[in-house]
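S.K.: The listed protein sequences derive, respectively, from chains Z and Y.
Just so we're aligned: 212 in this note's numbering is position 212 of the first sequence, and the numbers increase by one with no gaps anywhere.
Just so we're aligned: 1219 in this note's numbering is position 219 of the second sequence, and the numbers increase by one with no gaps anywhere.
What the hints contain is simulated information worked out from the structure, not anything from laboratory work.
Treat the hints loosely; a few may be bogus.
Chain Y stretches covered by chain Z per the calculated footprint, using a threshold of three residues with CB under 8 angstroms from any CB of chain Z [claimed, not checked]: (1) 1088-1100; (2) 1201-1209; (3) 1225-1238; (4) 1334-1347; (5) 1361-1373.
Quick reminder that beta carbons are idealized off the backbone N, C-alpha and C, glycines included.
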Amino acid sequence: MALEAIIGLEVHAQLLTRSKMFCRCSTDPSAGPNTVVCPICTAMPGVLPVINRRAVELVVRTGLALNCSIASHSIFARKNYWYPDLPKNYQISQYELPLCRDGYLDIDVNGQKRRIRIRRVHLEEDTGKLYHTAGNESRIDFNRCGVPLMEIVSEPDMRSADEAREYLVALRQVLRYIGVCTGNMEEGSFRCEPNVNVRDTESGAKTGISELKNLNSFRAVHQSVDFEIARHTRLLQRGETVPRQTRRWHPSDESRGGYTDVMRSKEEAHDYRYFPEPDLVPMRIGDDWLSEIRAGMPELPQQKRERFVSQYALTPYDAGVLTQSLEFAQYFEAAVAACRAGQVAEAAKRVSKWLQGEMSRLLNETGQDIADVPARPEHVAELLELVEEGKLTGTIAKEVFEEMFRTGKPAPQIVSERGIEVVGDASELERIVDQVLADHAEVVAKVKSGKTQSKGFLVGQVMKATRGQAVPQIVNDIIDRRLGV
Amino acid sequence: MELFHRTAHELAELLRRKELSAVELCDAVLGRIEAVEPRVRAYVTVMADVAREQAKAVDARRAAGEDLPPLAGIPLAVKDNMCTVDAPTTCSSKVLEHFVAPYDATVVARARQAGCVFTGKTNLDEFAMGSSTENSAFFTTCNPWDLERAPGGSSGGSAAATAAGEAIIALGSDTGGSIRQPASFCSLVGLKPTYGRVSRYGLVAFASSLDQIGPLTKDVRDTALLMNLLAGHDPMDSTSADRPVPDLTELLGRDIRGIRIGVPKEFFAEGTDPEVANAVHAAIRQLESLGAIVGEASTPTVSYGLPTYYIIAPSEASSNLARFDGVRYGHRTSKPVADNVELYEQSRAESFGPEVQRRIMIGTYALSAGYYDAYYLKAQKVRTLLKRDFDKVFEQFDIIAWPTSPCLPFRFGERGDPLSMYMADVCTIPVNMVGIPAVSLPCGFSSGGLPIGIQLGASYFEEPKLLQVAYAYEQSAGFHARRAPLGASCGGEA
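Using the sequences provided together with the hints, build the complete structure.
M.R.: Encoded structure:
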């Protein structure tokens, strides 16, 4: 048996519009329960939907970013099913003639380039949220009801959990770049439902597709897909049939590892009784409108990566890290542009190193977004220039950077407030310190053994060697670091 | 003639000249309601207090020298499937028995703005599904011309109220003939405008692609005046047409010499009451004598109108009515239920009437997987063929003329079998399927004194020409001047 996994992904992304899909209510996710609702999104008798033009634009934008063909003529359809979080008992969605179809997204999996085809991208409305209380009582919050939702359906082109995750990461990056979705999985603004089955490439035998639900992180997607591949493989190898099912993922806990179980079998599958939505007229995406949307398209992640490599002479790896988020890439470019001295490539290399090093470390530690960091790109450029000119040592610069990161003060201000006299050449000073330490090994040994008062002697020697021009505090710092005390 | 029997344009003139106050007129109509409503039963809700307040406000504005819209102070009845903030909107259904909308339908808002005085909400077949008001969950409305007969439907309450003098003018809705057939049965003028001419926002949907609101009045001029108020684009309804609204009174009185009138032979099919056919043919001869050029037209696919309507309308209805599930609206079953599905099923079974349930089932079936192509999709294709037929007819003719109803107003219970009731709409349904405007107007009476209506149709947005021809006929024939005698008893029971 030569088995191969077949994976397709359905992604639901909430669109970043200010108002809902078919009414004027706000999409504010922080509003109190049932405070951003109106007769339209709660399906009062007699109300009618009106299409949110901005939402259509954002889907077309997505279609363009995913290399889709954009429909010049597109319609909405009613998807009829009964559920209390759906006040009309039908969802306005798209069935025939979706806005975008037949696109692709290129991804990089362990150094291999893979092209994942996109079947369709369509527009629909979100449902409300149900809350089941401890008693036998359910409550409904209709705030989310009618929030514009985009569905992106891939072809079953992925062959491993790694590919599924990479596709999802790359897709989210694109959606964030083009400003259509926050991409937040935990909050549910970016949801994923993988379809998984396994095929024997020799006999052509296939298992029934599992549609996986309840995945709210990349990790969950990866683990659940892996779990299903293993399950299907095992059953197929045993010669058992695997029925088509909707399965729910249960993340691992203390008692057991993550697993899936059956939510619905195919026999219970819905008949959605789709038909064209008679309350809405067909959408026409004219050439003018399409050109306008095209003209407003930002640079996409892949384009940016390639440009970073050619423009800044960065390695593809560095370019990839720096372009992971649009804000990070923008910060990088602004910092490089603010560097006055030297060649662009050199400046880029320095900025890249600092952003991937200190900046990333501090962002991770504080959980901040780079866009919210008080230190601006020009401050970073200024600091790096001080280092470059030899006015600050690397280690001192890191301290200055940390304060800059917290306060947003420019480097020269921090330096003067701390009494760090920027005179002489920092690396020269370090050289002198090293010389003094080498000349007085016995004193060094004393300090290391705990007699820290002897350190004053070493500082004095350095001051003497520099004829008093060095700043004692800096000298102290350098000695401390060298001796590791 | 009593005030309540006069037309809106006559009364508007008296109001304008201050020979009559809106309060006096309002009291006259409310008095009439008190006198005859127990026999006619046109209203689900009489809005006496609201009406008096509105009439007072109009008088105050006029006294202050304000220049008021033409229909300010005119008592208007509203079919009870259009939302009003100050009265329940029941759709004559138990499901919405206590529902008060938090908003006005666009047409209601426009009428309110124009100073119309709301007499009340009128009875209808439940959710506008029917042709007699016998399907109302509350009670049956009687035809003021013969209280033992149906006023037609589904806008039977609006028609009966206007014919009985319980309102001066009224709003109806027409999905398959629900304005025109009651107009014909009650000797009124009833216009189903071009689809998209009037906003549907706030009209509780029956079949979205067919529903259209329009006037029920005593003469063509009143219809023109009320349409001037109703017509126009509404940003809240994307199916409403964004195009200019001509003054429909402008062409009234112009002669109709040279206007080409087609008579579609298929509409005089077997089963048309001979008295109806005779009256309509006589009316067509009269139009000819006024200078119109009359010829035979053909719409070969028209016989498919009725069967395809009974696929499309129930399909849309099955989805439109899904929201009435007992979770938020109206009746929720008091029986213990195991889950949501049972809650829906039990609540809906207990609260929807048999005709509504029948149509929901037909529509659900027609949209189901495996049947969609054979029914809904096929019906939509036939609809396209119907449109082509009518397009061709309008290449040759300006106006088409045929009966509104193949039969005279029938007795209660006479059409108990649903299919024979559906057949009553055979002449009106194709118009909705195609989307063109059509008006029914009085063209005579049967030997037994029952009203007969002629239907005139025109191409899309040709309401001005349509009413021009209707007006010319009406003025020369004069049937519009007669008023219902209002007999002594009422045969209809809920």
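S.K.: If a hint holds in the structure, say so; if it doesn't, say that too.
M.R.: Going through the hints against the structure:
1. With 4 residues carrying a beta carbon less than 8 angstroms from a beta carbon of chain Z, the stretch 1088-1100 of chain Y meets the three-residue requirement, and the given coverage holds.
2. Judged by the Cβ-Cβ criterion of 8 angstroms, the stretch 1201-1209 of chain Y is covered by chain Z as claimed, because 8 of its residues qualify and three suffice.
3. Interface restraint, the stretch 1225-1238 of chain Y with chain Z: holds (4 residues with C-beta to C-beta distance below 8 angstroms; minimum three).
4. Check on the stretch 1334-1347 of chain Y: 3 of its residues sit with their Cβ under 8 angstroms from a Cβ of chain Z, so the three-residue criterion for coverage holds.
5. Coverage of the stretch 1361-1373 of chain Y by chain Z holds [criterion: at least 3 residues with CB-CB distance below 8 angstroms; count 5].
Violated hints for the displayed structure: none, as all numbered hints are satisfied.
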